[in-house]
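Chains A and B, in that order, are what the protein sequence lines are. Sequential numbering from 1 applies to the first sequence in the numbering used here. Sequential numbering from 1 applies to the second sequence in the numbering used here.
Simulated from the structure, these hints should not be mistaken for lab results. We put the CB at the ideal spot given by N, CA and C, even for glycine. Keep in mind that the hints are not guaranteed to be accurate.
[As the list claims (entries may be wrong)] Estimated spans, in silico, between C-beta atoms of each pair:
hint	chain 1	residue 1	chain 2	residue 2	range
1	A	E2	B	V283	43 to 51 Å
2	A	K216	B	T126	52 to 60 Å
3	A	K3	B	E228	31 to 39 Å
4	B	F272	A	E2	49 to 57 Å
5	B	S122	A	E183	41 to 49 Å
6	B	K296	A	D190	41 to 49 Å
7	B	E161	A	V206	38 to 46 Å
[As the list claims (entries may be wrong)] Okay, the calculated bits of chain B under chain A, using three or more residues with CB under 8 Å as the criterion:
hint	region
8	314-328
9	381-393
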Amino acid sequence: MEKRALIAMSGGVDSSVAAFLLKQQGYDCIGCTMKLYNNEDIGVKSRTCCSLNDVNDARSVAYKLNMKYYVLNFSADFKDKVIDKFVKSYESGRTPNPCIDCNKYMKFEKLYNMAQNLECNYIVTGHYARIEKINDKYYLKKAVDDTKDQSYVLYNLTQEQLAHTLFPLGSLHKTKIRDIAKENGFINADKPDSQDICFVPDGNYVKAIEKFSENKIKEGSFIDKNGKVIGKHKGIVYYTIGQRRGLGCFQKHVYVCNISAKDNTVMLGDQEDLYKKEFVVTDFNWILGVPPTENFSCSVKIRYKQKEHKADIEVLDDNKVKIVFNEPQKAITPGQSAVLYDGDIVLGGGTIAD
Amino acid sequence: MEKRNVYLDSSATTKVREEVLKEMLPYFTDIYGNASSVHTYGQQSKAALTKARETFAKLINAESPEEIIFTSCGTESDNIAIVGSLLANEGNHVITSKIEHHAVLFTCQNLAKKGYKADFISVDKTGRVNVEELKSKITDDTVIVSIMHANNEIGVIEPIEEISKVLKEINKTRNNKILLHTDAVQTAGKLKLDVQKLGVDLLSVSGHKFYGPKGIGALYIRKGTKIEPLFHGGHHEFGMKPGTENVAEIVGMTKALELANEEMEQESKKIFKLRNKLMNGIVEKIPEVVINTDIKYAVPSVLSVSFNYIEGESLLLMLDMAGIAASAGSACATGSAEPSHVLSAIGASPLAAQGTLRFSLGRYNTEEDIDYVLDVLPKLVERVRKMSPVWNKKAED
Numbered sequence: 001m002e003k004r005a006l007i008a009m010s011g012g013v014d015s016s017v018a019a020f021l022l023k024q025q026g027y028d029c030i031g032c033t034m035k036l037y038n039n040e041d042i043g044v045k046s047r048t049c050c051s052l053n054d055v056n057d058a059r060s061v062a063y064k065l066n067m068k069y070y071v072l073n074f075s076a077d078f079k080d081k082v083i084d085k086f087v088k089s090y091e092s093g094r095t096p097n098p099c100i101d102c103n104k105y106m107k108f109e110k111l112y113n114m115a116q117n118l119e120c121n122y123i124v125t126g127h128y129a130r131i132e133k134i135n136d137k138y139y140l141k142k143a144v145d146d147t148k149d150q151s152y153v154l155y156n157l158t159q160e161q162l163a164h165t166l167f168p169l170g171s172l173h174k175t176k177i178r179d180i181a182k183e184n185g186f187i188n189a190d191k192p193d194s195q196d197i198c199f200v201p202d203g204n205y206v207k208a209i210e211k212f213s214e215n216k217i218k219e220g221s222f223i224d225k226n227g228k229v230i231g232k233h234k235g236i237v238y239y240t241i242g243q244r245r246g247l248g249c250f251q252k253h254v255y256v257c258n259i260s261a262k263d264n265t266v267m268l269g270d271q272e273d274l275y276k277k278e279f280v281v282t283d284f285n286w287i288l289g290v291p292p293t294e295n296f297s298c299s300v301k302i303r304y305k306q307k308e309h310k311a312d313i314e315v316l317d318d319n320k321v322k323i324v325f326n327e328p329q330k331a332i333t334p335g336q337s338a339v340l341y342d343g344d345i346v347l348g349g350g351t352i353a354d
Numbered sequence: 001m002e003k004r005n006v007y008l009d010s011s012a013t014t015k016v017r018e019e020v021l022k023e024m025l026p027y028f029t030d031i032y033g034n035a036s037s038v039h040t041y042g043q044q045s046k047a048a049l050t051k052a053r054e055t056f057a058k059l060i061n062a063e064s065p066e067e068i069i070f071t072s073c074g075t076e077s078d079n080i081a082i083v084g085s086l087l088a089n090e091g092n093h094v095i096t097s098k099i100e101h102h103a104v105l106f107t108c109q110n111l112a113k114k115g116y117k118a119d120f121i122s123v124d125k126t127g128r129v130n131v132e133e134l135k136s137k138i139t140d141d142t143v144i145v146s147i148m149h150a151n152n153e154i155g156v157i158e159p160i161e162e163i164s165k166v167l168k169e170i171n172k173t174r175n176n177k178i179l180l181h182t183d184a185v186q187t188a189g190k191l192k193l194d195v196q197k198l199g200v201d202l203l204s205v206s207g208h209k210f211y212g213p214k215g216i217g218a219l220y221i222r223k224g225t226k227i228e229p230l231f232h233g234g235h236h237e238f239g240m241k242p243g244t245e246n247v248a249e250i251v252g253m254t255k256a257l258e259l260a261n262e263e264m265e266q267e268s269k270k271i272f273k274l275r276n277k278l279m280n281g282i283v284e285k286i287p288e289v290v291i292n293t294d295i296k297y298a299v300p301s302v303l304s305v306s307f308n309y310i311e312g313e314s315l316l317l318m319l320d321m322a323g324i325a326a327s328a329g330s331a332c333a334t335g336s337a338e339p340s341h342v343l344s345a346i347g348a349s350p351l352a353a354q355g356t357l358r359f360s361l362g363r364y365n366t367e368e369d370i371d372y373v374l375d376v377l378p379k380l381v382e383r384v385r386k387m388s389p390v391w392n393k394k395a396e397d
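Input sequences plus hints: build the corresponding full structure.
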């Protein structure tokens, strides 16, 4: 029997080409789009990922490729597991990355289950990353196109998920993707890449928090390193570690160095106060399923669009990992993810703790 | 059992019957004149249109053909009936039910937003409207009551005759008579429609629900009913639905209703038997199901079932993969996460409502179809439940 694949299609060019490639490889393909929210709920009328236009684009491509196509309504779970968590994270003084939760709970849990229900051998996404099987183990690797690599947001994948996941774009360059889309007359060949967080289409995440949260944003105090009040802040959700803009007038350049939800304070300091070597990561997922038995060294990436830096790794109990950079790094931000790399290979990752 | 294709979504739409298609074909190529034209071409079309209108009027026991206007669909008929009567009559109040099709529900909600008054009457657990509540909502400003003849999701038939009697009594002492409209989209071709017996002033029908073509509907408007058109641009359909008449489809829909009425008795019996076989099989083979269709009060073709601990969406897709076409609630509501307004109104628990499918049978379904569904469905339900944490937890307890 031919192998069956469930393709997660966002309506963008990447997942459309992923569908095309799988179809070419002879898979029995089913296309689907996850409906994650109602546009009215996030206050937009224009296009963002998962809007009705995107559904229409995805559908157009799926039918062009002669695939079955379904829209899956995951909006209730998306609200619970992604949006609410995003809001709570900001309200506790952290800076979350909701795309990581969306991958974990929506694509590789809800959608993955759906793929199993539909007796699909594989779930397919347009992510730029690679999966390689070596000696019965599945490895998650960076994409060949370094500028598009998305392995950072995929570190929660398990061995079982990796065994049933395909990333057909991982070994291709973006320019090639657009060429394939154009050659095949896909409606979205020239569609711009999606930016920002899909449910915060205008980038104004504070407005989004206000909309989704039951709590009112409370003003509070800027303090210095010694706890002295040096000004008034607009509410902790406005700030992220390392931020310099939008802080108001001070005699010198100041940076957000710490955010305390408990005291509702934002600590400001000098640039050098942002540099730290050591931190702990929680909810750690090891791609191979088990943590290494000994301490080791590798590269660590602490934000999506940043380079990795060398660090020593100590495995702690309770899915925690201690990371000590060789050189101090700027703005290690609670709520963001730290992902461990051995060259191209993702070893695992977790959430940076307070 | 060997895989087969089983269509159990006849409430969404049906295929065009061969006899109907045959009846329609000449009007695409041979008799194509504009029914408003003076010449022979036009007259041929006009003749067909006139005959269809006369036949259609008889089929629903209308007094005269002028009481029938042909529209583009059931939704259009509903809109003309409700909005058109509010525009034409004194008063600003519409009464409808909580379980109407969106064509009525959204229309009334929109009217409420635009400054009209709308009341939505609750239903009992079988889905039948509370006539006492309806009565209590009537005011001097009430213009129209719109209650569906049968519900599209659970199949329940509403007590239209009873409502009509109530309104007639009230109308005796009123200058501005309250109009009664019924959306009969789900009953045309399934129940004998008799506008006199029902006692309605307005009645909507859609062609594609009874083996006629899509894109054609009808609205019965009792003689003397004041109603304003929503579209302007011509004298067609007595000014109520301007635009060149779609003669082929009008002829097709009329033929389809004619055939359906002729065969209604035996078809109903057959479909009723199959639906009950499906229902009994489901209840027997699958634990934790709730039948939402009360067969005492429902059209014979519909069966709404809630499968506890399941997301209807998964099951719907899995059935599709197995060749079985059903629907989650109604086709129009797919893609919304909220439990259907109908299931909420009959008091279904939100958990059960999530896992609800509507099976709607039609004249082409066979015993073998139902056997196949009863073979496949229990396995699929079991498979989905196995993956549900809630179900597994329950199994442990």
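### Query
Regarding A:K216 and B:T126, is the given constraint of 52 to 60 Å on their beta-carbon distance met?
45 Å, violated
### Task
Using the beta carbons of A:K3 and B:E228, state whether their distance is inside 31 to 39 Å or not.
60 Å, violated
### Query
Would you say the C-beta atoms of B:E161 and A:V206 sit inside 38 to 46 Å of each other?
58 Å, violated
### Query
Is 41 to 49 Å right for how far apart the beta carbons of B:S122 and A:E183 are?
Violated - the Cβ-Cβ distance for B:S122 and A:E183, about 57 Å, lies outside 41 to 49 Å.
### Query
Checking C-beta pairs, does the region 314-328 of chain B have three or more residues closer than 8 Å to chain A?
holds (count 5)
### Query
Are B:F272 and A:E2 spaced within 49 to 57 Å by their CB atoms?
41 Å, violated
### Satisfaction of the hinted span 41 to 49 Å by the C-beta atoms belonging to B:K296 and A:D190
Because 59 Å falls outside the window, the suggested range is violated.
#### Entry: Outcome, coverage hint (the region 381-393 of chain B, chain A; C-beta under 8 Å; three residues)
It holds: at least three residues are needed, and the region 381-393 of chain B offers 3 whose Cβ sits within less than 8 Å of chain A.
### Task
Look at the Cβ atoms of A:E2 and B:V283 and judge whether their distance stays inside 43 to 51 Å.
37 Å, violated
In summary, the structure is inconsistent with hints 1, 2, 3, 4, 5, 6 and 7 from the numbered list given earlier, while agreeing with the others.
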